[in-house]
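Protein chains in written order, with the numbering used here: chain A, 1 to 176; chain B, 1 to 383; chain C, 1 to 364.
A portion of the hints provided could be inaccurate.
FRET-style restraints, in silico, Cβ to Cβ [claimed, not checked]:
| hint | chain 1 | residue 1 | chain 2 | residue 2 | range |
| --- | --- | --- | --- | --- | --- |
| 1 | A | Gly137 | C | Gly250 | 44 to 50 Å |
| 2 | C | Ser312 | B | Arg221 | 47 to 53 Å |
| 3 | B | Arg221 | C | Trp94 | 46 to 52 Å |
| 4 | C | Gly250 | A | Asp94 | 41 to 47 Å |
| 5 | C | Gly250 | A | Leu12 | 45 to 51 Å |
| 6 | B | Gly53 | A | Thr143 | 22 to 28 Å |
| 7 | B | Asn198 | A | Ser90 | 34 to 40 Å |
| 8 | C | Ile34 | A | Leu145 | 53 to 59 Å |
| 9 | A | Thr143 | B | Glu51 | 49 to 55 Å |
| 10 | A | Tyr17 | C | Leu42 | 36 to 42 Å |
| 11 | B | Ser20 | C | Leu84 | 22 to 28 Å |
Among the chain B residues that face chain C by a calculated CB cut under 8 Å, a handful are [claimed, not checked]:
| hint | residue |
| --- | --- |
| 12 | Thr137 |
| 13 | Arg144 |
| 14 | Glu147 |
| 15 | Pro218 |
| 16 | Gly361 |
| 17 | Ile364 |
Read the hints as simulated data drawn from the structure, not as lab findings. Each residue gets a CB set at the ideal place from its N, CA and C atoms; glycine is no exception.
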Amino acid sequence: MISVFSTIARYLLDVYYGARSVWSSCITAIPYLFSAGDFRKEVTEQYPDPISSRTADDLPPRTRGLLYNHIDRCTGCKECEKTCPTQCISIKADQGAEDAKLWVSKFDIDFSRCIFCGLCAEVCQPQSLVHTKQYEGAVYELTDLVASFGRGSVTNEQREKWASLRRAVESDEVFL
Amino acid sequence: MIHEHLQEPEKERLRTDLASWEIGPYHGALPAPMQLQLTLDGEVIVSARVETGFLHRGLEKTFELHLWQSAPAYADHLDPEGSVFGELALCMAVEEIARIDVPERAKRIRVILSELTRVTAHMGYVARIARSVGSDTMVHYVLRDREKVLDLFELLSGARFSVNFLRFGGVQADVTEGFIERVLEVCDLIRFRLKEYNDLLTFNHAFLKRTVGVGIIPHGRVHHYGITGPNARASGHSLDVRKVAPYSGYGRVDFEIPMVTPEYGNEGDIHARFLIRLREIAQSVEILRQEAEAIPKGDFSVGPIDKDFVPPAGEAYSRVESSRGLLGCHVVSDGGRSPRRIQFRPPTFSLLAAIPELVRGVRIEDLPVLLMSLDLGIAEADR
Amino acid sequence: MNELSGLSWSAAWRVALGLPEAAPQWLIATIGLICIYGLVILPSGWMVAYLDRKLSADFQARVGPNRAGPAGFFQPLADLLKLLQKETVQEWSWREGFWLGVHTMALYSTVAVLPLGSLALLVDTDMSAFLPFWATLVLALGTMLMGFSQGSAPGWFGGVRVAAQALAGAFPALVALLSAGLQAGGFRWSAFAAIQGGSPLHWTAFANPFQFLAMVVFIISGLVLLGIPPLDAGLSIPDLHGGVASSLYGRRLSLFQLGRFYGFFLWSVITVVLFLGGWILPAGLSVSLQEGGDWKWLQLLELVWLLAKTYSLMVILVWVARVNPRSRVDQITDFAWKVLSPFSLFALIGAALCAGWNVWRAGV
Numbered sequence: 001m002i003s004v005f006s007t008i009a010r011y012l013l014d015v016y017y018g019a020r021s022v023w024s025s026c027i028t029a030i031p032y033l034f035s036a037g038d039f040r041k042e043v044t045e046q047y048p049d050p051i052s053s054r055t056a057d058d059l060p061p062r063t064r065g066l067l068y069n070h071i072d073r074c075t076g077c078k079e080c081e082k083t084c085p086t087q088c089i090s091i092k093a094d095q096g097a098e099d100a101k102l103w104v105s106k107f108d109i110d111f112s113r114c115i116f117c118g119l120c121a122e123v124c125q126p127q128s129l130v131h132t133k134q135y136e137g138a139v140y141e142l143t144d145l146v147a148s149f150g151r152g153s154v155t156n157e158q159r160e161k162w163a164s165l166r167r168a169v170e171s172d173e174v175f176l
Numbered sequence: 001m002i003h004e005h006l007q008e009p010e011k012e013r014l015r016t017d018l019a020s021w022e023i024g025p026y027h028g029a030l031p032a033p034m035q036l037q038l039t040l041d042g043e044v045i046v047s048a049r050v051e052t053g054f055l056h057r058g059l060e061k062t063f064e065l066h067l068w069q070s071a072p073a074y075a076d077h078l079d080p081e082g083s084v085f086g087e088l089a090l091c092m093a094v095e096e097i098a099r100i101d102v103p104e105r106a107k108r109i110r111v112i113l114s115e116l117t118r119v120t121a122h123m124g125y126v127a128r129i130a131r132s133v134g135s136d137t138m139v140h141y142v143l144r145d146r147e148k149v150l151d152l153f154e155l156l157s158g159a160r161f162s163v164n165f166l167r168f169g170g171v172q173a174d175v176t177e178g179f180i181e182r183v184l185e186v187c188d189l190i191r192f193r194l195k196e197y198n199d200l201l202t203f204n205h206a207f208l209k210r211t212v213g214v215g216i217i218p219h220g221r222v223h224h225y226g227i228t229g230p231n232a233r234a235s236g237h238s239l240d241v242r243k244v245a246p247y248s249g250y251g252r253v254d255f256e257i258p259m260v261t262p263e264y265g266n267e268g269d270i271h272a273r274f275l276i277r278l279r280e281i282a283q284s285v286e287i288l289r290q291e292a293e294a295i296p297k298g299d300f301s302v303g304p305i306d307k308d309f310v311p312p313a314g315e316a317y318s319r320v321e322s323s324r325g326l327l328g329c330h331v332v333s334d335g336g337r338s339p340r341r342i343q344f345r346p347p348t349f350s351l352l353a354a355i356p357e358l359v360r361g362v363r364i365e366d367l368p369v370l371l372m373s374l375d376l377g378i379a380e381a382d383r
Numbered sequence: 001m002n003e004l005s006g007l008s009w010s011a012a013w014r015v016a017l018g019l020p021e022a023a024p025q026w027l028i029a030t031i032g033l034i035c036i037y038g039l040v041i042l043p044s045g046w047m048v049a050y051l052d053r054k055l056s057a058d059f060q061a062r063v064g065p066n067r068a069g070p071a072g073f074f075q076p077l078a079d080l081l082k083l084l085q086k087e088t089v090q091e092w093s094w095r096e097g098f099w100l101g102v103h104t105m106a107l108y109s110t111v112a113v114l115p116l117g118s119l120a121l122l123v124d125t126d127m128s129a130f131l132p133f134w135a136t137l138v139l140a141l142g143t144m145l146m147g148f149s150q151g152s153a154p155g156w157f158g159g160v161r162v163a164a165q166a167l168a169g170a171f172p173a174l175v176a177l178l179s180a181g182l183q184a185g186g187f188r189w190s191a192f193a194a195i196q197g198g199s200p201l202h203w204t205a206f207a208n209p210f211q212f213l214a215m216v217v218f219i220i221s222g223l224v225l226l227g228i229p230p231l232d233a234g235l236s237i238p239d240l241h242g243g244v245a246s247s248l249y250g251r252r253l254s255l256f257q258l259g260r261f262y263g264f265f266l267w268s269v270i271t272v273v274l275f276l277g278g279w280i281l282p283a284g285l286s287v288s289l290q291e292g293g294d295w296k297w298l299q300l301l302e303l304v305w306l307l308a309k310t311y312s313l314m315v316i317l318v319w320v321a322r323v324n325p326r327s328r329v330d331q332i333t334d335f336a337w338k339v340l341s342p343f344s345l346f347a348l349i350g351a352a353l354c355a356g357w358n359v360w361r362a363g364v
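This is chain A alone, in the form it adopts within the complex (with noise of 0.2 Å):
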């Protein structure tokens, strides 16, 4: 008799624990209702509203974005693209008329095989290959995922007129 009446006891409490906590998962999605304080507030960002979204401001400093490289401090030593792990960057540097630096005259960048992973950004020595905050980069085009900032091919005279100007801005002999 006594194990019957504890089957039905454990059946109605088994019962009970179910509705109550069918009836406790239920409250706690209440205060969500309400958006009640801090914690609770709906946290969906409307991209691409700017109000609700974050910019590229919000983003913090070191934010691995596009890539862009100031190919005036380019050297051309090619460290990016031996250290790259898709072999994304490809670079054509050719030894300049009587100056030190090398002319890049290519260098691209493939984005559709870049996983920016930063590791060309840190073995750049002149610090000309960085990460901006940039991360909008969808394109209509597959080609157009190809950023090129290379100065592109220019004859020799070209590159001897280049390098005489620039001496001349260095030894502050014309003012642009």
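Assemble chains B and C onto chain A, guided by the hints.
What follows is chains B and C alone, placed relative to chain A:
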């Protein structure tokens, strides 16, 4: 004659065949691309075969083709959800070969990163379990809170998931301003939220009915398969690499290994694995608070690692307690500019071997919860 | 004959629609059904779908639809249009056609039985309350057939689960219905309306605790019968890719979802009429409008009040569904057989005793 008649009804018994169903590589029940070939008796699974390799990327070979300098960035991608663990295992092994002493500050930063990664990985785990069980609200709550931790990663290293922050001899850069304060804020937030998760899902009757007593990894089978980590601790084995073989300054940290003992619940079932991970989140928060408040001053790295970094010939094996279990990294160097061989021992591999046994006798409807509860990291298993 | 207005339903509808005297009954009935379907059921589907998404979003700390129309109000319409314009990849097999016939039969046959107000009772017989119950069984049959017609494992499993749930939920639902009928003394819609009043104190659910229990059992067994979340094991996504609905798309998906919504709506309307006061307006408005002869206002207000209570009930069920995990199908059927059935019998016995007590007291 009558005797023969009496025997005939046996032949007319209802014949039921076993159905076979192949799940994968993409299926709602599977956490990642893998294949399960199931044999079913009605809704109950009779046997299963596991096929993996769908995520094989040739990662270990890739190490041999690049310089030592790039190796941490590849180790990052061993397990996308716990990238720091891969990096840490690799860096520790190489530091042992090259006999580099990591400064104290760098060790603390590594511990902070490890624990933060553990928290994100376990939160992702909770979200996956909640999704497989059908509680959408819990999914959103947990992922919302995980974003706060990912923001911390972004603040420190610039990326949310693949942090690529550890280097041989330390870390890439020092902690940014305000990072420590943000870590402490996030710790407080997580402690508050854990209570909310318990109210919502952990002790919900429907959830208990689906997870208690289901998918038990028996205590005796843990060693047989080599299962480590939270899954082993849920089945009663107190193995934690941070206690058994402390690394990176864990020996100094004061913490307890969360365990599931019989008075706290059934050993080895899905609910135990779930509870263990919630407790590990709480434990990690404690460790974070300790370490964040006591970061010593000093260097964050021995020095920059450039392309000419070449460790001497030798080999080393490092062990790290990742969010899934014991992650081992075997590094062989022959004095060359590229690694000779880097091999990882992922904790998930043992679980894959255990799946056919675990899944026998389980209903189809329990399969998603069971697989998600094992925290299978197919990316690290397939490499 | 409608006792209130002294008109037969066809005459009342004829007057309301403004049709000439000689209009045949089938025409009035058809137009009436189309009106109910288009003006009550489809907008209810819209409203409940919108409330479902917005409230779920609120609970989950999200915003929910807010682009399609003001505060995202036209989102259900946008979803419907999107589904309707999808390309048909596979033509309908004969099985799917059969399912469509069954589904349509269930749908349109019970629209006529919906109790939408004191004047809109097209079918007010002694068996009225059982007809929607029949519709849910037919819907379950149709869903099961559709699951089997998929030809894939998710479909088979889903179909079997739907059938198992329907069988399990039928018994407690019927018994709870009987409890309500005991209180009302019959199964006519007007009988249910006669014993209930406008304020919650006069609702059947609060007449005695057994009726309250019967209401709870009725609601939950409806969830089991119809496969409404969180008891929708036949349509679960993690293990069955959507089960019965796993290979539905486009127009057939919208028909399927409309059928499921209709079952949910039907069950909620019946619950409100049986247990929660039905369409009787509070503060004696019903009586005053009737005496004033304001038939149009009466019908409109009664309908609005009924729908308000129905939507509230559906919203509460949606809330429970979003917050709680899904139950396993054998746990659902266990629950229906081992918990709901005994409780419903207990409620029935108690309700019978109370009804007998009232009769005895009235007689004394």
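Exercise. Checking against the hints above, which ones are violated?
Worked result: Violated: hints 1, 4, 6, 7, 9, 11, 14, 15 and 16.
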